[in-house]
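**Student:** Could you put the whole structure together from the sequences, leaning on the hints where they help?
Residue numbering for the sequence shown follows my numbering, starting at 90 and increasing by one per position.
Among these hints, one or two may not hold up.
Here are the computed lysine to aspartate or glutamate pairs in the DMTMM-like style, where the Cα-Cα straight-line distance is at most 20 Å [said to hold, decoys possible]:
#1 Lys131 x Asp205
#2 Lys143 x Asp198
#3 Lys143 x Asp155
#4 Lys143 x Glu128
#5 Lys143 x Glu194
#6 Lys131 x Glu187
#7 Lys143 x Glu133
#8 Lys131 x Glu194
#9 Lys131 x Asp95
#10 Lys143 x Asp103
#11 Lys131 x Asp188
Please keep in mind that the hints were generated in silico from the structure rather than gathered at the bench. The structure displayed is predicted, hence computed values, not measured ones.
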Amino acid sequence: MVHHVDLVCVAHTDNLSLVQDFARSAAATIPRIPQLAAEAIKREPTRLEHYVQKRLDGLTGSLWLDALPCYVAIRTCEVVGAVIQRGRDVSLKELTEEDWRSVGEAGFDLASGGPDRVRRPQ
Numbered sequence: 090m091v092h093h094v095d096l097v098c099v100a101h102t103d104n105l106s107l108v109q110d111f112a113r114s115a116a117a118t119i120p121r122i123p124q125l126a127a128e129a130i131k132r133e134p135t136r137l138e139h140y141v142q143k144r145l146d147g148l149t150g151s152l153w154l155d156a157l158p159c160y161v162a163i164r165t166c167e168v169v170g171a172v173i174q175r176g177r178d179v180s181l182k183e184l185t186e187e188d189w190r191s192v193g194e195a196g197f198d199l200a201s202g203g204p205d206r207v208r209r210p211q
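**Tutor:** Printed below as a string of C-alpha cells:
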C-alpha cells in the first residue's frame, strides 16, 4: 500500500537491548501519532517507488532490474541517479532524504531503459 506521505523517524536509540525491539523503542511515539499524521508532508510516489511497490506485490515486467534482488535494483537506481545529478565524485553520505528521492527517480528513469542505457546514457 502506498501512503502518499513522507515517512518519519519515530525512534532512535543506541541502546542495544532496544535495537531489535521496534515496539519498545517506538512506544513513546504512540501519543504523538495524530500530530505526526497532521504534519506529514504529502507527496505522490515516484516512479521508482511505484516500481518497488509492484516488486513487493510480486509483480514483475520485462525490466532488466527485475532480474536483480529488489534491494540491489533500488540501490542501483539511487547510485546511478546520484552520479547523473552530482557527478562521479558524489558523496553519498551527504545526501538528504529529499536528495535520495530525487536521485532514485533520476536513476530509475535511466536504469529502467536497460543496461545499455546505464552504460551509455544519452
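**Student:** Taking the earlier hints as the rules, which of them does this structure contradict?
**Tutor:** Going through the list in order, the structure violates hints 1, 4, 10 and respects the others.
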